[in-house]
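2 protein chains.
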Amino acid sequence: MPEKQYVTYGQSGGCGCGCGCGVEGAAKAITGCRFSLSVMADDYINVILGALKNIDTAKVWQQTDKLSTVYRGKQIHVEDAVKAFFIRAFREGTHMTMEATFSRGCPGDTTAEAMMEVDDTLLNDVRDVHFPVNCKISLYPMGIPNYMEHIAKVVNHAIDLGIYSHSTHYCTVLSCDVQDLFDYIHYVNTYCSETLSHYIFEVTLSVNSPTAE
Amino acid sequence: MPEKQYVTYGQSGGCGCGCGCGVEGAAKAITGCRFSLSVMADDYINVILGALKNIDTAKVWQQTDKLSTVYRGKQIHVEDAVKAFFIRAFREGTHMTMEATFSRGCPGDTTAEAMMEVDDTLLNDVRDVHFPVNCKISLYPMGIPNYMEHIAKVVNHAIDLGIYSHSTHYCTVLSCDVQDLFDYIHYVNTYCSETLSHYIFEVTLSVNSPTAE
Numbered sequence: 001m002p003e004k005q006y007v008t009y010g011q012s013g014g015c016g017c018g019c020g021c022g023v024e025g026a027a028k029a030i031t032g033c034r035f036s037l038s039v040m041a042d043d044y045i046n047v048i049l050g051a052l053k054n055i056d057t058a059k060v061w062q063q064t065d066k067l068s069t070v071y072r073g074k075q076i077h078v079e080d081a082v083k084a085f086f087i088r089a090f091r092e093g094t095h096m097t098m099e100a101t102f103s104r105g106c107p108g109d110t111t112a113e114a115m116m117e118v119d120d121t122l123l124n125d126v127r128d129v130h131f132p133v134n135c136k137i138s139l140y141p142m143g144i145p146n147y148m149e150h151i152a153k154v155v156n157h158a159i160d161l162g163i164y165s166h167s168t169h170y171c172t173v174l175s176c177d178v179q180d181l182f183d184y185i186h187y188v189n190t191y192c193s194e195t196l197s198h199y200i201f202e203v204t205l206s207v208n209s210p211t212a213e
Numbered sequence: 001m002p003e004k005q006y007v008t009y010g011q012s013g014g015c016g017c018g019c020g021c022g023v024e025g026a027a028k029a030i031t032g033c034r035f036s037l038s039v040m041a042d043d044y045i046n047v048i049l050g051a052l053k054n055i056d057t058a059k060v061w062q063q064t065d066k067l068s069t070v071y072r073g074k075q076i077h078v079e080d081a082v083k084a085f086f087i088r089a090f091r092e093g094t095h096m097t098m099e100a101t102f103s104r105g106c107p108g109d110t111t112a113e114a115m116m117e118v119d120d121t122l123l124n125d126v127r128d129v130h131f132p133v134n135c136k137i138s139l140y141p142m143g144i145p146n147y148m149e150h151i152a153k154v155v156n157h158a159i160d161l162g163i164y165s166h167s168t169h170y171c172t173v174l175s176c177d178v179q180d181l182f183d184y185i186h187y188v189n190t191y192c193s194e195t196l197s198h199y200i201f202e203v204t205l206s207v208n209s210p211t212a213e
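If you're matching them up, the sequences are chains A and B in order. With the working numbering applied, the first sequence closes on residue 213, and no number is skipped along the way. With the working numbering applied, the second sequence closes on residue 213, and no number is skipped along the way.
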């Protein structure tokens, strides 16, 4: 019987503290987003393939498996590609959700499997598309005792922007135009990458839900 | 213009450290799960309502909004209700995913909106139903520097159980029978509630995906 290959997260620094002291500098610059689109319709495959045909993902590294797709690279291009995919998939009247996990700075991360050597010109122009979105967000600043004040900071910014709906168990609910939501996602990723060593920002978007509030 | 009502997470302890020092003891015993089922079919509403009719949620506090449902109470009853809902919604050949966020110990939590004064007898018997599930998991132990070793601990337990598929960016992928998966979720919630002050355990389940590996 072959020996089991266990994971050794938190040991790369050799400091024995279970933290991420050993993470390489270059990996810290990589923003990633793992996302899954759920289309509540029989022809969900066509909706997804149709959206993919109408976006340009040349400036992100990507991989798709049974559960989700991951984009990795510069923050602005990862955000641009995810936003374009969601907007291109939107169809009037069709209920659709997208679970998206933005993250940066994981101690277990690698410099491989990312596209960083690209310029800053965005590839997708979806600025003129507008529709209302409901959204729940949860921010997880890792490895620090004062994480709650960073969460309060980004929630209060949503209140300032007028896109905040309410706070509830385990998440904050936003309600706004899709453009405002992605502007806010950009703000959170920027704030976190400048302020935190490692964070995860979970976002679930929903359009055309039949559920009354 | 009315004054904005900002959130004040991390300030309840009055210690000024941005942590959760002020969380009440009783709130720490409450396990919660916020979940959304996505059914990739035109009649998704019938699938969800049909599942709800066939489960007993009398031992959890619950609330549903446009984005998700939350159950709160004793760990075993929250797990029992979520598991029964997912299993009763399953339909041969229909692609379905469920995003579930288990959590306990949030410093912003309240003792309200939970059902704790119930006995330990489970209400749903779905033990004999079997089907294969793909799943991605991410564990977030909050507020401590050595969080990576707790993540490694639960991932290595999945390896020991033989349900581990692979590690990838921002998550770990499991592949197993639905019963084994919920046994594992119970193990993680138990480990975390005994070991950590505050954790979030994100689980996304998928059945009948048409995507090849």
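Just so you know, these hints were derived from the structure itself, not from any lab. Careful, some of the hints might be misleading.
No copy is singled out in the list; a pair is fine if it fits within one copy or between any two copies.
Said to hold, decoys possible - Here are the simulated DSS-like pairs of lysine-lysine, each with C-alpha atoms no more than 27 Å apart in a straight line: (1) K66 <-> K153; (2) K53 <-> K4; (3) K153 <-> K28; (4) K153 <-> K4; (5) K53 <-> K153.
Hint check:
no. : hint         : verdict
1   : K66 <-> K153 : between (35 Å within a copy, 25 Å between copies)
2   : K53 <-> K4   : neither (41 Å within a copy, 43 Å between copies)
3   : K153 <-> K28 : both (22 Å within a copy, 24 Å between copies)
4   : K153 <-> K4  : between (43 Å within a copy, 14 Å between copies)
5   : K53 <-> K153 : neither (37 Å within a copy, 41 Å between copies)
Of the hints listed earlier, those the structure fails to meet are numbers 2, 5, in rising order.
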